[in-house]
Amino acid sequence: MAKEFALKDQDHESSLIARRVHISAFIIFLLIIMIISRIFYLTVLQHDHYSTLSQSNRVKITPIPPIRGLIYSRDGVILAENKPTFSLGVVPEQIDDLDETIEQLQEIVSIEESDIERFKKAVKKKRRFENIPLRLNLNKEEVALFAVNRHRFPGVDVVAGLNRYYPLGEKLVHTIGYVARIDDDVKRLDESNYSGTTHIGKLGIEKSYESLLHGDVGHQQVEVNAQGRVIRVLDRTAPKPGENIHLTIDLSLQQIAIDALENRRGAIVAMDPRNGDVLTFVSSPGYDPNKFVNGIDSKSYNLLLASKDKPLINRVIQGKYPPGSTVKPFMGLIGLENGVRVNSDESWCPGWFSLKGHEHRYRDWKKQGHGHTDLHKAIMQSCDVYFYTLAYELGIDRIYEGMSRFGFGQITGIDIGGEKKALMPSREWKRKAIGQAWYPGETLILGIGQGYALATPLQLAKATATLANKGHIIRPRLVSSTSNSITNEVNALPNQSESKITLSNSVYWDDVITSMKDVVHGIGGTAWRSGLNAEYNFAGKTGTAQVIGIAQDKEYKKEEIAEEFQDHALFIAFAPVEAPRIAIAIIVENGGGGSKTAAPIARKMFDHFMNNRDLISKG
Amino acid sequence: MEEQSLGQRLHIDFPLFFGILVLCIVGLVVIYSAGGQDMNLVYRQAVKLLIALVGMVIVAQLPPAEIARWSFGLYLFGIVLLILVIFYGDVGKGAQRWLDLKIFRFQPSELMKLSVPMMVAFYLADKSLPPRFTRVLAACVLITIPVLLIAKQPDLGTALLVATAGFSVLFIAGISWRLLTIMGGLGAACAPILWYLMHDYQKRRVLTFLNPENDPLGAGYHTIQSKIAIGSGGFYGKGWLNGTQSHLEFLPERSTDFIFAVFCEEFGMLGVLFLLCIYLFIISRGLYIAINAQDTFGQLLASGLTLTFFVYIFVNMGMVTGQLPVVGVPLPLVSHGGTSMVTLMIGFGIIMAIHTHRRFLSF
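Protein chains in written order, with our numbering: chain A, 1 to 619; chain B, 1001 to 1363.
Just chain A, same shape as in the assembly (with noise of 0.2 angstroms):
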């Protein structure tokens, strides 16, 4: 290296590079002046102004979370509580080292893999000196154990908080829904008012009267000293708890319908035609809500997704069924009202049906026929021949008009979201889905329920009731009132009327209601066991809904077919004729017979609900 500097001029560039050296130091004498001068001017003459502004830091504001409405049931049963829980909450920024610090913490309490990703994913999204909980629902062991522990762990804590617990689990699950914790619903929050809760309504009722189970949201301002410790509260803004929900559901019915539907698969809906209070909200089977309420594990999840009986559908709003028979009635009021019949009117039933020109035959569920049959005997036997000349000569125009008018086809309004339309085909339907003309042949089939038509149970219940009432069109509802925790105010809520089918003579519903009553309460009626020794009147109409198509030669043999392939049985009823005051919709699918399996059920609903109308009435 030597050799090299030598070919250069030493002192030269010494010189040069000393004097480089005094002009940054220059520089640098400069700059440190104009550090100086913005600390003087920051310290010395803003002083005062920064002070003020470090007082009023000193003042912290947090949000106290209102507690969440409970849910009760008509007779006062609770049926979504706040149960105190214990969790494991860390606040991060007071933490050097999270994984060594979780590490240590899973020598006392368990702490899932899921956990941690939870805990991580939160950790992320909040600010730094939140409390974040790593462990829920500690239980009184795991508090304790802690609690001796509690000096090797700074920053980590048990949080008291309140769980939401639905204390009948899966029986009303499909009612109520459940709350979970809040993640992405954060888009449609006020955050504010969230700024201290946890979790929502995420199904069902909790969902949709999330507004008014919540509450709003507390502040408390209180002054802190240099390291955090509150000195006194200021202000205290005291959160306005959620408001209670009483639900129109009478717990007894409920009990009774899941009981008679011994665990299969379908759903049973009960309403009071005057108000559309729903007495009975059925959708089998159903499933645990309190595991979701604090998130379910995927595998737990997985294994409800993948259940053949498929529990997270809420069949009530969202299963469609074929309605089978139980369109019959409307079908005959629909024929009388546009003179297509009059009600003595006598179809030939044979046992089968052809269209003119045409060899395919419409059999009748009864193979040697019904005979002469009027409108009466055509519901009380449920003649498929006679319904379906009645609708080839209605035509789908006017069955749709008509059956609309009724609500298949439409939405309830009931006072849940998720609900299903199903269908009520028309021509205008059919090209655009299927992009074919409406052939004769599937207006026949609808006469009698099958074919494209779908209905929800829910469906079925309000369009029984609407002919229980005679045209008065109600929406269902699941929520009576609600009251204030504090002054227990109760704030009934107004039903919804919705608009009358006027028919151009009233008469016509004395004749369909008639014929639904001896369905039950006549000779050869399809349900007349059902009908037997009642001590009151009631009126039905039985339905078995085809789930599968059977060929022309072939029989329906039920021992032949699997089970998931046999007929869906349906019933509508009722109760009592002269002023009905429960109306009824159930669905067992694959039960086979409506008069059979259904029929029974409705029976025993309404034995109960007559019986105990003085309970009723009161709630």
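Read the hints as simulated data drawn from the structure, not as lab findings.
Among the chain B residues that face chain A by a calculated CB cut under 7 angstroms, a handful are: (1) Ile1172; (2) Gly1174; (3) Ile1228; (4) Ile1230; (5) Gly1233; (6) Gly1234; (7) Phe1235; (8) Met1269; (9) Ser1303; (10) Met1317; (11) Thr1321.
No residue lacks a Cβ here, since even glycine has one placed at the ideal position from N, Cα and C.
Please arrange chain B on chain A, whose structure you already have, making use of the hints.
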């Protein structure tokens, strides 16, 4: 040959060593307060400090000629690592800066803070100074390549420091004022292009710097809260452990990039003057060593490293006091954190090596 002093034999420059030690102690004291009186944090910082000090002493043992010989290889190695980071780097805090070497994670851009000034000094010292125009241009290319690679990660703060390190060597080497003015003009002209290349968060920081009150809870929060901390400290400060701004968690990044605000709040203007005195002492010593270095390489490198050290201080204080945009530059030797500390200490090790390996010929 002159009789060697103790410092010469151990290759430690005691004045520099003393200044660094005082700074480190100040750092530990402030970290204790800023970290919420967490002794663990202080211990861990002390361990890092010790490692860095050992590194400094080891580097100081190397003869400057040896260091000069390594310059090119180290520079090349650094460039390769920077390219590797782009493909294989770990992502941390939204930027790809880290290379996972299994045993420890390594930030190649830190290496560049040293190897860029080394490379430029090595290159320029080869021919006589002041450098000719073509050589200045070549030196600019040597600086720009790593700077662009680092800026792409994106790590604007480090890119800025690496560029400063390189250009300060160029400045000391006697690049003509005319050229300097032209380069400054070019730099200003490039600013819009840089703006175009910047990430949204970087743009936001610059905009926020121009008007912090615009977004008091978002991007402007840092600056506003640190100004409150400094201003409320007053001339004498609120006293150690009594800074409300920092302890009540209004101040973000308070044991790392914004530690100066904590210092100001608790020790006031008086403390700042004291701190600046130590810094000035270290810088003067560095520049003194630079002027008295025996060869051009040593002169250029020592002054380049010292100037970079000052730029650290200036950028950090400027950012905390709201005079510069928020870029992630720690307060040297005071902020909590290991990586930048090790780089700085090695830098001082090189300066010490330059000073303590001088040979005096007796005439």
